[in-house]
Each structure stands twice: as C-alpha cells, then as structure tokens.
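Number of protein chains: 8
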Amino acid sequence: MSINVYLSGEIHTDWRQKIIASCQGEEITFSSAVTNHEASDAAGDVLGAEESNFWRDHKSAKVNGIRTKNMIEKCDVAVIRFGDKYKQWNAAFDAGYCAALGKPFITLHSEDIIHPLKEVDGAAHAWATTPEQVVEILKYTLRNQ
Amino acid sequence: MSINVYLSGEIHTDWRQKIIASCQGEEITFSSAVTNHEASDAAGDVLGAEESNFWRDHKSAKVNGIRTKNMIEKCDVAVIRFGDKYKQWNAAFDAGYCAALGKPFITLHSEDIIHPLKEVDGAAHAWATTPEQVVEILKYTLRNQ
Amino acid sequence: MSINVYLSGEIHTDWRQKIIASCQGEEITFSSAVTNHEASDAAGDVLGAEESNFWRDHKSAKVNGIRTKNMIEKCDVAVIRFGDKYKQWNAAFDAGYCAALGKPFITLHSEDIIHPLKEVDGAAHAWATTPEQVVEILKYTLRNQ
Amino acid sequence: MSINVYLSGEIHTDWRQKIIASCQGEEITFSSAVTNHEASDAAGDVLGAEESNFWRDHKSAKVNGIRTKNMIEKCDVAVIRFGDKYKQWNAAFDAGYCAALGKPFITLHSEDIIHPLKEVDGAAHAWATTPEQVVEILKYTLRNQ
Amino acid sequence: MSINVYLSGEIHTDWRQKIIASCQGEEITFSSAVTNHEASDAAGDVLGAEESNFWRDHKSAKVNGIRTKNMIEKCDVAVIRFGDKYKQWNAAFDAGYCAALGKPFITLHSEDIIHPLKEVDGAAHAWATTPEQVVEILKYTLRNQ
Amino acid sequence: MSINVYLSGEIHTDWRQKIIASCQGEEITFSSAVTNHEASDAAGDVLGAEESNFWRDHKSAKVNGIRTKNMIEKCDVAVIRFGDKYKQWNAAFDAGYCAALGKPFITLHSEDIIHPLKEVDGAAHAWATTPEQVVEILKYTLRNQ
Amino acid sequence: MSINVYLSGEIHTDWRQKIIASCQGEEITFSSAVTNHEASDAAGDVLGAEESNFWRDHKSAKVNGIRTKNMIEKCDVAVIRFGDKYKQWNAAFDAGYCAALGKPFITLHSEDIIHPLKEVDGAAHAWATTPEQVVEILKYTLRNQ
Amino acid sequence: MSINVYLSGEIHTDWRQKIIASCQGEEITFSSAVTNHEASDAAGDVLGAEESNFWRDHKSAKVNGIRTKNMIEKCDVAVIRFGDKYKQWNAAFDAGYCAALGKPFITLHSEDIIHPLKEVDGAAHAWATTPEQVVEILKYTLRNQ
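Protein chains in written order, with our numbering: chain W, 14 to 158; chain F, 14 to 158; chain B, 14 to 158; chain G, 14 to 158; chain A, 14 to 158; chain D, 14 to 158; chain U, 14 to 158; chain Y, 14 to 158.
Hints listed in this document are in silico derivations from the structure and should not be mistaken for laboratory results.
This structure is a prediction, so every number in the text was calculated from the model and none was measured.
Ideal placement from N, C-alpha and C gives every residue a C-beta, glycine not left out.
There's no promise every hint is true.
No farther apart than 27 angstroms at their CA atoms in a straight line, the calculated lysine-lysine pairs in the DSS-like style are these [unchecked claim]: (1) U:K152 to G:K87; (2) W:K98 to W:K31; (3) G:K98 to W:K87; (4) F:K87 to D:K87; (5) Y:K87 to D:K98; (6) G:K98 to B:K98; (7) D:K152 to D:K100; (8) B:K100 to B:K152; (9) D:K100 to Y:K152; (10) W:K87 to W:K152; (11) F:K87 to A:K152; (12) Y:K87 to G:K87; (13) W:K87 to U:K87; (14) U:K87 to G:K87; (15) Y:K98 to W:K87; (16) F:K87 to F:K152; (17) W:K100 to F:K98; (18) D:K87 to A:K152; (19) B:K31 to F:K87; (20) G:K98 to W:K31; (21) B:K152 to A:K152; (22) W:K98 to F:K98; (23) B:K87 to F:K152; (24) A:K100 to A:K152; (25) F:K152 to F:K100.
Far from chain Y, some chain F residues (derived; all Cβ distances over 12 angstroms) [stated by the list, open to error]: (26) S15; (27) I16; (28) D27; (29) Q30; (30) S65; (31) G78; (32) I127; (33) H128; (34) P129; (35) T143; (36) R156.
Please take these sequences and the hints and turn them into a complete structure.
Shown next as structure tokens:
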C-alpha cells in the first residue's frame, strides 16, 4: 500500500517540511497547494492584468483551484493545518471539501483554537498538535500489520 | 419552482432576518444551523458532561452536524455570510462542503475581506455585500421568465 | 406520473409557448432559463457595475447558473432548441451537461444544421424538427400504457 | 504529480501543436478527439453505408463518443478552444460535460466572442486568449511549490 | 411509507393487471413501459418515417427510453417478468440497469428457465413464480411492523 | 423541515415505542425493519419452502432487504440500537451501510459494550444511552433556531 | 492511451479470439467472463453441493459476479455479442449494467435479431455485424489523431 | 487482471495467513486492518492520553478508520471472517460498508452462526466455511478463462 497525502493550510511555518522529512523512505506521495504566497497570489496574472483586487484574486484562486481540486480528489488523506494567525478560510474550505467527498483528514492546530474549529474537528479523523503526531499516524496507516 | 435556501455563517447581526423578511410571499424555504450560540454549544450536553473542552465541543459539533449536513444536502442554494469578527471557520467549511457537492452558493461579506476569502469566492456563484442584493438574486432565481 | 421538462436554447421564436400551450392539462411542469434577453444579461448587475464586458457577463452568467443548474438537475427530460442564427453555445453546453448527468434530452432544430450538431444529436434521445413533434413525445412519455 | 489534459474544439489552427510542443518534458499526457476532419466524419462508415446524412453523422458521432467520453472522464483538466468560424457546438458540449462532472476546464478564445461564450466561461476555471497562456497555467499546475 | 414499483418485461399475459388489482388500497404507485406493442414500436414514427428497420426501431427505442429510464430511476423496487416465449432482452437489460443502480428487483418466471436466468436471478432480491407471490412481497414491504 | 428517522437494531425492548411516543407532534416520520421476529424470519416463505436453513434465511433476508435498503436510503438520520444480548450483526451492518452512504446515525447502547462498538461509534454522530437522549437530539434537529 | 475492453456474451463461436488476435500489438487489455461453460456453471460448487438446481446456479452466478462486476466497472468499452441461439439474458443484463454506469458498449449481432435487441442497440454506441468491424472501431479509438 | 483483496474480521486464528500463503504467485494484493490487537487499540494514543475509555477507543477507531476506509474503497473484493467468539461488530460494519458501495464480499464463517448472519450473507457474493474455499474462489476470479 502507498498513500497520497495532501497538505493544506498555513504556509508560514515549516510543518510541511518536517512531515515530509520524517516520512522519507515511506511509500507516501505528498502534494500541496503552491505555498509561495506571492506566486499563488499571482497565479492568474498571466491571463491579463486586472484593475480590481477582487477579479485579480478571483482569477488566481481559480487557477490555483485547478491544482488543488485535483490534489484533494486524488489524495487518500489530507492534513489540514491551522496556525495562530490569519483567517485561513482556504484551509477550512478544504476541510469541508474533504468532508463532503468522504476523504479522511487530520487537523493540525494548537489547543487554543479548539472552539472555533469544532465543526472542522468534528468531521476530522484525528486532531494533532504537532507534526510528529501526524507522522506517527501516517506511518501507522502504512504499517504491515 | 420553489427553492430551499440554506443560510450559513455569522450569527451576530440580523442578516438572516432581513433576507427572510424581504422574501415573504416567495416560494422559498429557509433553513439554518441553530443560531442561538449557547444552545448550539450545548447541543451535545444531553449525552453527558465532559471534562475536556475538546470533547464537549466535539459532541456538540457532531449533533449539530446531523442538522446541518441534511440542510446543506437538501438546499438548492446556500448563502454564506462572513462578518468582520471571529474565525468563522464553520462558514468556510460549509462553503467547501457545498463546492464539493456542486451546490451553488452566494457569499455575503464586505470588501475588506476579499483577499482571505478568495478561494471561497472563487467557488461561489455570486458575491454580495448586502442582504438586499442576496434577496434580489433569490427572487431572480424564481422569476417567471 | 408527472414530469419536469426543461426548455433550453433559442429565445427568438415562440417554440416554448407552442409546446407549453399544447401540453395544457398534462402533468408536466416546464422550466426555463430567463428568456428575456436583457434581463438575463443584467442578472448580475445588482451586485455592482463592471467596467469590463467580460466580468459583467461573468457575473450574470453565474447568477443565471444558480437557476439553470437547479432546473437541469431536477428535470426528467430537457428539450434543447437550436435556431438558425447566433452561436447558441449555451444550448450546446446544456446538452453536454445533461449528457454527463444521464438526463435524456430531445433536440429541436431544422435539417440544415444536422452536421454541426452531430455530437449533440448523438447523445440525444430524439431529434425533432417541430414543436408539435416534441409535444407528441412528451405526451407519449406520460401515456397510460 | 502528472496530469492528463484533454484538448477539445477547433481543428483548423495549430493551437494543439503549440501547446504540446511547449509542454515537452513536463509530466503531461495530452489527449484529443480525432482531429482529422474527414476521418472523424467517416468514423462510423465501417459499420455500413447510410443513405441519410443524419444517420451517417449519427453513427460517426457515437463511434467518436467512445473515444471522447473516455478521454474527458480520465482527464484532470480540459482545454476547450473556440475559433472564429463554424458553430463548434461539440466544443460547448464538451464544456458542459466537463462542468457536470466537475472537471476543471480552461477556455481558449479571442475577446470578440466573450458574450456568446459567457455561460461556458462562467463555468471555466480560466479564460486564455493564447496557447502560451494555457501552457503557463498547465506548468503552474505542476510546479513544485 | 409508500413505494413506486416498476413492472418490466413480458406483455402477452395479464400478470401486470393481476398484481395491480391485488394491490388496490395499498400505498403503491405502479409504472411500466408502454405495453401496447404496436404503440411502443411506433413511438418514434412521429419524428419521420425511416426506410431501414434498424433506424425505425432505434428511434422508437430511444423515445421509449425517455420514459423507462425515468421510471426505473424513480422506482423503489422493480418486478421483472420473463415469459416462455420471445427473446425479452429488454427485460434482462432492465434487470442489469437496476443492478448497476442498486435498485432491488424481483424476478417473475417459471422454473424451466432458471438456468438461462441465473445471472439475472443472482442479482435479484427475490424470485417469484406467480403474481400472487409478488403481491405478498410488495405488501410485506409496506407492512406496519 | 421534517425528517425521516430509521430505527435499526434490537427488537426485544420497547426503545422504539418510547422514542416514537415522545416525538408525537413533531414532524418526524419513523421507519423500521419488520420487528416481529417470526414474521421477519418467514419473509421469504411465500416464495416456497426450503430444506436448508441457510437458504430459508437467505430468502427472508433478501426480501427484508427490499424494505430496509429503501428505508435507509430515504432516511435523514438513523438510530441504531445494540442491546445486551445476541449478536445483532444486522445492526452493525446497517451502521456500516449508513456510514458508506454518509447518512448520519446515532448509536443507542449501554456503557459496557463501548469497546466492541468502537468502530461503529467512531462513525456515528452521537452515542446515546437512553431513548430520552435520542428524543432530545431528534427534537433539537428540528428546532426553529 | 490504452483501453480495457470487456467482451461479453455468446461463447459458442470464436468471435473473441478473432478480435483479440486482430488487436495484437495495440494497447488493449481484454477481459471476459469465464467462457468455459462447464467451469462457469460449476463456479460455486467448491462452496458445497446443492440439491436444487436453482441454488447451484445461484451460487455459481454470484461467484462469477465477483469477476464480471469488477471487469465491467473497470472497462472503458464493452463488446456485447448476441448469437443466433439461446436466451443470452446475461449478455443483455451486462448491456443494461453498462448503460446504467455510462460505459460505452458495442453490440455485435446479425441483422435478423435487430427487433428484439432494439432497446439494447438504442443504448449502444455502435452496432457491428462482424468481429472485423469491432476491431476497426477499437483501433480507431486508439488512433493517434 | 490483478485484484486487491481486503481481509476483514476475526484476528485470533490464522485464516489470513492461510489465504495469503495459498495465493502466493497469484496477482493478488492483500490488505487488512491492523491485526495486532494492542497496537490497534492504541492507534490514537499518540494524540494524547484520555481518561475515559470511550474517548480513547474513539480516537483509535478513527485513526484506524483512515486506514480501513481507504482499503475498503480500493479493494475489488473483501473477505469478511466471523469467528465463534466476541461481538465482531466491526466485521459486520465493514460488510455493510461494502454492500453500500457495491463491493463484492465473501463471508467466512461456520454453519452455527448462519442465522444471526443472515442479513450479512444475504448481501454477500459467497459464503465459505474454510480458507481453502476462499482461495479457490479468488483464484477462479483471476483465471484465464
């Protein structure tokens, strides 16, 4: 068995790198939205400049959507990370998308945001507070009984 | 034609009441998560007290989920409201859930949160800034050509 | 048995009215995109003016999409009309949408556009050249054996 | 990650070749309906001659449909090209098919046909006017963050 | 609870009438393909005469398909009758259609055709040899515990 | 809003009656497998006697399946009761069926069988120990905010 | 592109061998129900002897169903052959199964059974009378434009 | 053809080992829940200790669910074993999950528990009493006609 893991959410800390590094050698393929903030915001610029911020964002969001929609639909499990700052509505959006498709997902966040994340955690298969816990669960998923 | 409209998100202003009042006489049925904050947080308490906040929230979120899951799956269109305060991850979660099911949804939020909502708006059928705009669109959806 | 019939396509002749009038008394509910051309083009204007034609059209198309998406998904059979003029790509789009959902549809068009419509007709359950033929088929669908 | 890209629509210019050539070396597999016009029109002739044009077209359309139906259902993203001439209803049909399946698609057309394509563009993830823009977006979809 | 029952297959004996008559007063709605053989064969004639038998049959089969496709997809249970004569491939086709959709179906046929029907019976929820048995099962399905 | 509630599992105590009685006046429709044990075991007998116990059970199970399959697929929420005695594998089977369809379900069982039910409870939206708790949750699901 | 082709139906002539031999070197994988009649009829015997023909057939049909269900669901196109003799209800059953799943299929039969096969042909993408025609169509499906 | 076989249920005898050993050399990939009882019960412990047995079980069940949900959804056929002891509700849950997804499954159990398993067996494609019978059926599924 091998698994595809989609890493969604916060882009300001190195949680992705930690998880990927610790899973070296496992039969895991990781995918992720483009995590370079500027590149992501500019994803639609090639299609022409926009005067309005709304439409610039709109075009980039939809171009990014080609990527993320495919990644979510092909993953076996998602890890969805909420940091301490920013709205991170895209992460919660991904969680809802996973839930509707029946894709299992693991949330990764600290204890102080339990309450606002209760609906998201309620649909998750696991809540982790550290990347190490996520790694343990992913490895468990692949263990040879 | 009649339509079912699910109203999701912010519970601190009267946007729901405005929309419902202005749609009196139309063939629209509205549904909504329980918007009484305390009642919603306590939805699972009947099943027994919990020491941990996480599990209390978990139980309530899942009891609420019985209600909201059915409402979203039966609606024809959702209106998803983001206010100026709070995380409102449940609203973004509902948006992702709608997107994955192919349910059209309208977002309702002010201009200053365009950027963090770009993925959500990118999947929406319309972005409105006032309840009146939402009402116009709902009525249009029902017009006799 | 009663059926929902979605009438899609050309808006410059009275084919819809003919079909509806001839089906009076049958257990048929008809639905249709907004056929008032100006109203349809302006469907998104309530959400704010746009400088660019593309975005004005975009907003209106998506508002109209709330309506048509629901109508197609709820119909039992669609009638898709192609006239002699205009591109009518929305009609072909609706046909593809029906085909992917497995919704039976009847095309209504004259003989001189058989060739460009061959893929659309190939997925249709019937090709009619007059509204009267469509009416006969709809009534047949409802006959008491 | 590798992606399957279905190229649909206009067959009289070299847009397919341009895109494929510029994506050499990327992990992209391209597919397409048979673009040799005569071969495509004759796809069903092996099954026996027809006196009526309608049935000849019908047989060929359905034989082609075996190919295109599989290609669309297996693609990760479609590029749908509308040229300046001809009806091209098959391209709009493919767009509707993609939309109903939730397959992301990119439209490729010039600015002067924005209005008749508004429903198609409304369901698309991106609108490009040049093959080069399409190439940029496809490469972005595959970038290593 | 009320149920929709689709009656498929043989049209030369009065098994449909027996079942319907014995279920008078129950909350059962029955549906059926057009059982008037000549009317069924002529279902597509309104769309124009055909020289070839194949195309005449083709058109009628597809017009009938609008009706039967909807009936099967809306039924809760199908009864599929195989008589002693004729090929009755449409009945076996309906059985396969039900099986793929997960619709429960009851076969109704005599003991001497058990062997050629083994795949059909293998997918059925019940095999009956008389209309009376079918009636008992349908009534059981509706019983108030 | 009104809801359909499917009551599954143990048939030796009056938990169904308690729940139904306490929900009088609510917009709830209840359904259930046939709970008369002897009638349920004999459901297939009308189709002919069997020498082997396996085939007698098989026929009855499949006749019952026509009923329960429809009830589960039409319910909005299921209540699945596990008593202290018997294997009750049909109840766990129903739970798995609900889980795969994404139907929310509430388990109803005492604390001493938590461990063997952990997979079932892990997929449930709520675990109740008394019918009164179930009633509270069902009423909450219908409350007018 | 490579395709999976499921070969269904008549087992008394060498149509399968002809098609497979003529497709040597193409990227086609063929699958088929077990075509050794005796082996197929005995597929369930390992599970224990049955006194009744019905149950012997039943067990074998269901064991064969494990194989054929997977093959049909994984194929890209099916070829369904009807010969001049026997009931061949399993072939028509497979056709209905394909139709409900939206799997394209090609029928292969002589002209004298057009009428009883009209519903099956009505749902098919092509009707061939010789294996050579089927081969041409399969090769066309794979051609490099 | 190769197949994925999911082995579910009883963990106290060596039925899995027997089946796997006898299928050496066949194109079969086996998967299974973690069958080390203690490891399975502790699957969620990495996420933090729980005072309540219910929540400890809950967390572990959901972590295990990531694994088993993927395995069931990817398998071509499941073998579900019921032993003589314990409740084994997880096995019946898996059977219901398979049934709802349309995954064929084989039950493996002795004759004395036929009656409580009648609903599970009613949805199965085969009932075996020995691992050797399962092996024969799996090999049959792969045979070269």
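Since F:S15 was said not to touch the interface, does its Cβ keep a gap of more than 12 angstroms from each Cβ of chain Y?
Non-interface label on F:S15 holds, nearest chain Y Cβ at 31 angstroms vs cutoff 12 angstroms.
Are the Cα positions of W:K87 and W:K152 separated by 27 angstroms at most?
19 angstroms, holds
Taken at face value, is the distance from the CA of D:K87 to the CA of F:K87 at most 27 angstroms?
12 angstroms, holds
Within 27 angstroms, alpha carbon to alpha carbon, are Y:K87 and D:K98?
Outside the cut-off at roughly 34 angstroms; violated.
Would the non-interface assignment of F:I16 survive a Cβ cutoff of 12 angstroms against chain Y?
30 angstroms, holds
CA of D:K87 to CA of A:K152, is that 27 angstroms or under?
Satisfied, since the Cα-Cα distance of roughly 19 angstroms is no more than 27 angstroms.
Against the 27 angstroms threshold, does the CA-CA distance of B:K31 and F:K87 hold or violate the hint?
33 angstroms, violated
Is the Cα-Cα distance between W:K98 and W:K31 27 angstroms or less?
Cα-Cα ~20 angstroms, so holds.
Does the claim that F:D27 lies outside the interface with chain Y hold up, using a Cβ gap greater than 12 angstroms?
38 angstroms, holds
Are the Cα atoms of F:K87 and A:K152 separated by 27 angstroms or less?
30 angstroms, violated
Pairwise hint evaluation, F:K100 against F:K152, where the allowed Cα distance is 27 angstroms at most:
30 angstroms, violated
Whether F:T143 stays farther than 12 angstroms from all C-beta atoms of chain Y, as the label says
42 angstroms, holds
This entry does not satisfy hints 3, 5, 7, 8, 9, 11, 15, 19, 20, 21, 24, 25, 30, going by the numbered hints stated previously.
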